[in-house]
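Undergrad: Each of the two chains sits in its own frame; use the hints to bring them together as a complex.
For the record, the sequence lines run as chains X and B. Residues in the first sequence are numbered from 1 upward in steps of one, following UniProt numbering. Residues in the second sequence are numbered from 1 upward in steps of one, following UniProt numbering.
Just to be clear, a hint being listed does not mean it is correct.
[Stated by the list, open to error] Computed list of chain X residues with no C-beta within reach of chain B, every gap over 10 Å:
{"hint": "1", "residue": "33"}
{"hint": "2", "residue": "42"}
{"hint": "3", "residue": "59"}
{"hint": "4", "residue": "105"}
{"hint": "5", "residue": "181"}
{"hint": "6", "residue": "206"}
{"hint": "7", "residue": "219"}
{"hint": "8", "residue": "268"}
{"hint": "9", "residue": "278"}
{"hint": "10", "residue": "283"}
{"hint": "11", "residue": "316"}
[Stated by the list, open to error] Listed next, the stretches of chain X that the computed footprint assigns to chain B, with coverage defined by at least 3 CB atoms under 8 Å from CB atoms of chain B:
{"hint": "12", "region": "114-120"}
{"hint": "13", "region": "270-277"}
Hints were generated in silico from the structure; no laboratory data involved. Predicted, not measured: the structure shown is a model, and the values here were computed from it. Positions of the beta carbon are idealized from the N, C-alpha and C atoms, including for glycine.
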Amino acid sequence: MDTLLLARLQFATTTSIHFLFVVVTLGLVTLLVGLQTAWVLTDKPAYERLTRFWGQLYVINYVLGIATGIVMEFQFGLNWSGLSRYVGNVFGAPLAIETLVAFFLESTFLGMWIFGWHRLRRGVHLALLYGVAITAYASAFWIMVANSWLQNPVGYEVRDGIAHLTDFTALLTNPSLGMALGHVIAAALLVGGMLMAAVSAGHLLRRTPDFALHRTALRIGLVTAALSITMVQGFGFAQFGPVGEVQPTKFGGGPGADALVAEWTARFGLGDYTPPVLASVGLGFMILIGFSLGTLWLLLPLLWRDWIIRLRFPLWLLLFALPLPFVAAILGWIAREVGRQPWVAYGLLPTDQAVSGVGPGVMLASLIGFTLLLGTLAVTNWVLMARHAARGAADPALGRRPEHPPADPRPEPAFA
Amino acid sequence: MELAWYALLGAFFATYLVLGGYDYGVGLLLARRTDPARRRAALNAVGPFFLGNEVWLVAAVGLLFGAFPLLEGELLAGLYPAVVGALAGVILVTVGVQLRSRPAGDRARATWDRVVVVGSLLAALGWGAVLAGMLQGVPLHADGHVAGVSHLFTPFVAAAGLAVVALVAAHGATFLALRLPAADAEPTARTARRLVPVALAAVGTAAVLGLLSDRVRAAVQRPAVGVLLLGLLVAALLAARVALARRRPGLAFAATAIALAVPVALVGATLWPYALVSTVDAGASLTVADAAASGPTLRLLGWLTVPLLPALLGFQAMCWWVFRGRTDGRAPVYW
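Just chain B, with the same shape it has in the complex (with noise of 0.2 Å):
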C-alpha cells in the first residue's frame, strides 16, 4: 500500500522534472538566445504546455501532504535552503514567462527574461540539491527535528544540483529542437549536441562526489540498484547524442527525458525501505511505511482522487494532442 503511493508521489514528482524540466531548460536557454524574435518564439513553443507542466509539481507536494505528511514536515523543514532556493526559482520562472510579453518595450521584456534565466538557474540548482540532499542524508533527531541546515553545504550537493542545471538545459535544447520551425531547429539540435557531454561530465561527477561521501556511503540501503540506474542515466545520455546527431529530435526527447526521470527513481530505490535517513540516530531514519499516512486517509485518498487520474492524463493528454508538432506561426502567441 505504502509503496503504491510512494511510486505515485515519485511519478509525479519524476514527470514534474521531465516536464518542468524543459520548461527550465528552455529559460536557461533564453541567455543565449538575444534576438527578442527568437526568445519569442521559444517562450511559445512552450507556451500552451507551460502551466500544464508546473502543475505536476503542486500536485506533487499536494500527494505528499495527503500520503507522506511525516514526510513533508521533515523533508521540507530538513533541507530548507535547497527546498526555499527551488521554490523562488519556480515562482521566478513561473510569473516571468506569464508576463514577460505583457510590456510592450523592448527593455522591459528582456528584464523579464533575465528573471525567468535566474528563475530557471535556481530551480534546477534546488531540486538537484534537494534529491543530493535526501541521499545525503540529514541530521534528523528522534522528536523529528532536523538540527541546522550547514548539513547541506557539501560538495556533492553542489554537483548534483550543477547535474540537474546541465540535465535541463540539454533537455529544453532538445525539447526546442523538436518542436521549433525546421529552419530554426537545426542550430538548437546542435547547442542540444553540445550540451549533451557537458550533462554527462556533470552527472559524472557528481557520482564520483556521491561515491566519496562518507555519508551518501551510509544513507545508501541498496547501491546495486543506484548503480544500474545510474548506468541508465548514462545509457540515456549517449542515446540522445546519437539521436541528435541523426536528426532524430523526437528520440532524442525521450532519451533526455529518461535522463530527468532516472534522478527521482534512483533517490528513491536506493534508500528504501527508507524515505529520509538520519545522520546522527539511526533509529530515527523515517521508514517510507512510518512517514506514510494512517489507512482510513490512504483509502480516503485513493477512493477520490485514483480513479480520477486517468481524467487527469487524459486532459494532459488532450493538451499534447492539440499543440502536438512543429509551431508554425499560425498557432497564437501569447507569452
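Here chain X stands alone, though its shape is the one from the complex (with noise of 0.2 Å):
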C-alpha cells in the first residue's frame, strides 16, 4: 500500500462521515428556526415542545459534526502538505474564512443557545438561533467556494511553481460554484425533511401519546423534504452543463476530453487522466435514488384528512426510505470528488505531490486509527440520536427548566 492511496482512502473515510452528519445539521438547523420563531410568535406550547426535542436531536448530531471537521481541517496539513505548499495562497483563503468568520461564531452562538433556555430573554434565544442557521449557511457556502477552486481553480497565476491569488471574485463566481450550492443546500433540506418525517411516523405506527405534535412534525419534514427533492433534482441536473464544460473528464470521454488529455500528456508527461469508473457507476445510482425520491408528491394529498396516517403503510414507506438520501448525498459526493482524479485541483496539481512525505506505515496507522475512531464515534451517535428519538418529546434534557425533577413527565410551560 503506498502512502498515496493511504491518505486517498482516509480523506475519503473522513469526508464522508463528515457529510452525513453535517447535512442533517444544515436542514435541521433550518426547521428549526422554523420551530422556534413559530413559538416565539403564537406562544403554542406544542411549538417549544418540537423545538426542544428535534433541537436535542439537532445537538447529538452536531457533535459528531464538529468532531470530524476538526479531522478534515488537520487533514490536509497532516496528508496533503503539498496541497498547502502548491496552491495554499487561494485555496487557503475560503478556508480560513469560513473558520473565523462562520464556524467560530457558529459555535459560540450554539453553545449559548443551548445553555439560554430560561436564561435569556425569548427574542434574544431565538437570534441566537438565526445566528446559527446563517453561521451554518455562511460555512456551506465557504467550504463550497473552496472545494469549487480544487474543481475548477481560477482566479490564480503561477509563479515559481507556487499559485499565487488574482481575482478573489473569480472564486466567488466559480461556473462550478453556483448550482452545486443549491445542490447541496437542497439535499441537506431533503435530509432534514426526511429525517423530521420518518421520525414522526415512526411515533405515529407506535401510536405514541403525543399525536397531534407528531403529526405537526410529519406534515412539516413531508413538506419539506417534497419540495426540497424538486430542488435537488433541478440544481443536480443544472450542474450537468457547466461541469461538463469545465471538467471534461468528469462524466467519461468525449472530444473536449481528449483534447484535454492529450494537453495534459503534454504537460505532465504519460499518465492516466481518466477518473475511475466508480464515479459515474455512483452517479447513476444516485440520480436513480433521486428520481425514486421523486415519489414524495404522491405522498402529499394523503395529508388531507390525515389520510397518510390512516393508511399507515405511507409511514412505513417514509421510515424505510430514510437511508436513501444519505446514500444518495455520499454518492453525490463520490461523483464530484473521484471525478476529478487524478487531479487534487483539476489539471493544475496531481493527487501524488499533493501527498505529505509521511511514511506509508504512519499513513496507515493514521488511517485505521481514524477510521476505528470516527467510525466508532458515529455508529454511538447515531445510537444516541436513535434512543432519543424513539423516547420522544416528553421530556427533552434540552431547555429542561433547572429546577424541574428529570423524572417529570409533565410539559413544559412556555416561559415568558
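TA: Right under this line is the structure:
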C-alpha cells in the first residue's frame, strides 16, 4: 500500500462521515428556526416542545459534525502538505474565512443557545438560533467556494511553481460553484425533512401519546422533503452543463476530454488522466435514488384528512426510505470528488504531488486509528440519536427547567 | 505584515490553550471526582463556554492555513505523531463532554467520563509535544520534506508534554474554584493549590531538559527572550499559588491563564525570525516571512476577517457576561 492511496482513503472516509452529519445539521437547523420562530410568535406550547425535541436531536448530531470537521481541517496539513505548499495561497483563503467568520460564531452561538433556555429573553434566544443557522449556511458557502476551486481552479497565476491569488471574485463566480451549492443545500433540506418525517412516522406507527405533536412534525417534514427533492433534482441536472464544460473528463470521454488529456500529457507527461469508473456508477445510482424520492409528491395529497396516518403504509414507506437520501448524498460526493482524479486541483496539481512525505506505516496507522475512532463515535452517536428519537418529546434534557425534577413527564409551559 | 499575522496566529492558539486548557483541566479532574453529581457539576461549570472554547483551535488552524500555508503543511506533517495525538484527544473530549449525559445510566456516563479523562490527557500531552517539537526543530529538507517521525521522541518533548498536562490540571482546578458554588469551590481550591507546585516542578524539569538539549540550543535564536518568558511563566505560577492561598480565585485564574499563554509566546519569540528550524540543513529552515501567504492573499484575509474580529470577540464576551459568576443551580444543566 502506498502513502497516496492510504491518504486518499483516509480523506474519503473522513469526508463521507463528516458529510453524513453536516447534511443533517444544515437541514435540521433550518427547520428548527421555523419551529422556534413559530413558538415565539404564537406562544403555543406545542412549538416549544417541538423545538426542544428536535433541538436535542440536532445538538446530538452536531457533536460528530464538529469532531469530524476538526479532523478534516487538520488532514490538509497532515496528509496533504503539498496542497498547502503549491496552492495554499488561493485554497487556504476561503477555508480560513470559513473558520473565522462562520464556524467560530456558529459554535459560540450554539453554546449560548443550549445553555440560554430560561436564562435569556426569548427574543435573544431566538436570535441566537438565527445566528447559528446563518453562520451554518455561510460555512457551507465558503467550503463550497474552496471545493469548487479544487474542481476548477480560477483567479490565480503560477509563479515559481506556486499558485498566487490574482482575482478573488473569480472564486466566487466559479461556474462549478453556484448550482453545486444549491444542490448541496437542497440535499440538506431534503435530509432534514426526511428525518423529521421518518421519526414522526415511527411515533405515529407506535401510537405514542403525543399524536398531535408528531402529526405536525410529519406534515412539516414531508412538505419540506417534497419541495427540496424537486430543488435537488433541478440543481443537480443544472450542474451537468457548467461542470461538463470546465471538467470535460468528469462524465466520461468526448472530443473535449481527449483534447484536454492530450494537453496534460504534453505538460505533465504520460499518465492515466481518466477518473475511475466508480465515480460515474455512483452517479447513476444517485440519480436513480433522486427519481425515486421524487415520488414523495405522491404522498402530499394523503395529508388531506390525515389519510397518510390512517392508511399506515405511507408511514412505513417514509421510515424505510430514510437511508436513501444519505446514500445519495455520499454517492453525489463520490461522483464530484473521484470524478476529478487524478487531480487535487483540476489540471493544476496531481494528487501524487500533493500528498505529504510521511511513510506508509505512519499513514496506515493514522488511517486505521481515525477510521476506527470516527466510525465508533459515529455509530454511538446514531444509536444515541435513535434512542432519543424513540423516547419521544415527553421531557428532553434540552431546555429543561433547572429546578425541574428530570423524571417529571409533564409538558413544559412556555417561559415568558 | 507577516509579523502581525504571526502574532494574530499566536494569539488565537494561545487563547485556545487558555480556554481549551481549562476544559481539559476539568476533564482531567473528573478522574479524582468519583461522585456522579460532582462530576456533572464540574462539567456544567464549563457548560456554556465549552463549544466557544474549542472553536479557538479551529480558528487558529484556519488562520494557519490561510495566512501561513507553507508552515501549515510542514508543521503538521513534520510533527505528525504529536499532532495526531492532540487531535485524537480533542475529538475524544469534544464528543465525550457533549454526549456523556445523554445516556441515563450511571455506568454509561462513567464510561464517557473515562473517555473525557483520556482525551484531556492526550490533548494536553499532544499540544505540549507540538510546542516542544517546534522548539527543538525538525529534520526539514530543502524540498519541504520532513524525514521520519523518530526525531520527535526526546526527553524534552516528553517533559514538555507532561508540563502542559500539569499546567492545564492546575488551570482547570483554579477555574472550578472560581466558578463552582462557594461550598464546593473550597476543596477544589485546595486541589488547585496542591497542583501549582506540581506544575512548577514539571515546567522546571522541561526547562532543564530543554537547556541540556543540543537541538534546542541550536534552534533557539533569542535565548534571552526565552529565559525572560520562562521567568514570567514561573512568576505567574507563584502568583497563582499566593492568590489561591489568599482566596482570590479570580486573580489565580488570571495567573494560570498567563502561565498557559506564555509557552506559545515563548516558542514564537525565541525562534523568530524562523517559524520552523531545520536540524539537518540550516538553509532549509522556514522563516515566518517565507511561510506566509503572498501579499494578495494576506490583504484579502485582512479585509475580510480583521473587521470582523471585534464581532468574534464581542460574541465570546457576551457568552462570558451572560454566564458570569458561580453556578447556582438555577442555570440549565445539559452536559
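Undergrad: In terms of beta carbon proximity below 8 Å, does the region 270-277 of chain X have 3 or more residues touching chain B?
TA: violated (count 0)
Undergrad: Hey, is residue 219/X genuinely clear of chain B, shortest beta carbon separation above 10 Å?
TA: 28 Å, holds
Undergrad: Over 10 Å from every CB of chain B: does residue 42/X meet that, or does the non-interface label fail?
TA: Given a closest Cβ separation of 23 Å, the condition holds.
Undergrad: Confirm or reject the statement that residue 181/X sits farther than 10 Å, beta carbon to beta carbon, from all of chain B.
TA: Residue 181/X is indeed farther than 10 Å from all Cβ atoms of chain B, at 18 Å.
Undergrad: Just want to verify: residue 283/X was marked as not at the interface with chain B; is every Cβ pair farther apart than 10 Å?
TA: The claim stands: residue 283/X keeps its Cβ more than 10 Å from every Cβ of chain B (closest is about 30 Å).
Undergrad: Is the nearest CB of chain B more than 10 Å from the CB of residue 33/X?
TA: 18 Å, holds
Undergrad: Verify this label for me: residue 278/X is non-interface relative to chain B, using a Cβ-Cβ cutoff of 10 Å.
TA: Check passes; 28 Å lies beyond 10 Å.
Undergrad: Please settle this one: residue 59/X was flagged as non-interface, so is its CB more than 10 Å from every CB on chain B?
TA: 8 Å, violated
Undergrad: Examine each Cβ of chain B, and state whether all of them lie more than 10 Å from the Cβ of residue 316/X.
TA: It holds; residue 316/X is separated from chain B by about 28 Å at its closest Cβ, greater than 10 Å.
Undergrad: Hey, is residue 206/X genuinely clear of chain B, shortest beta carbon separation above 10 Å?
TA: Its Cβ never comes within 10 Å of chain B, the nearest being 20 Å, so this holds.
Undergrad: Against chain B, does residue 105/X keep a CB gap of more than 10 Å to every residue?
TA: 6 Å, violated
Undergrad: Under 8 Å between beta-carbons, do enough residues of the region 114-120 of chain X, three at least, approach chain B for the coverage claim to hold?
TA: holds (count 7)
When the structure is compared with the earlier hints, violations turn up for hints 3, 4 and 13 and for no others.
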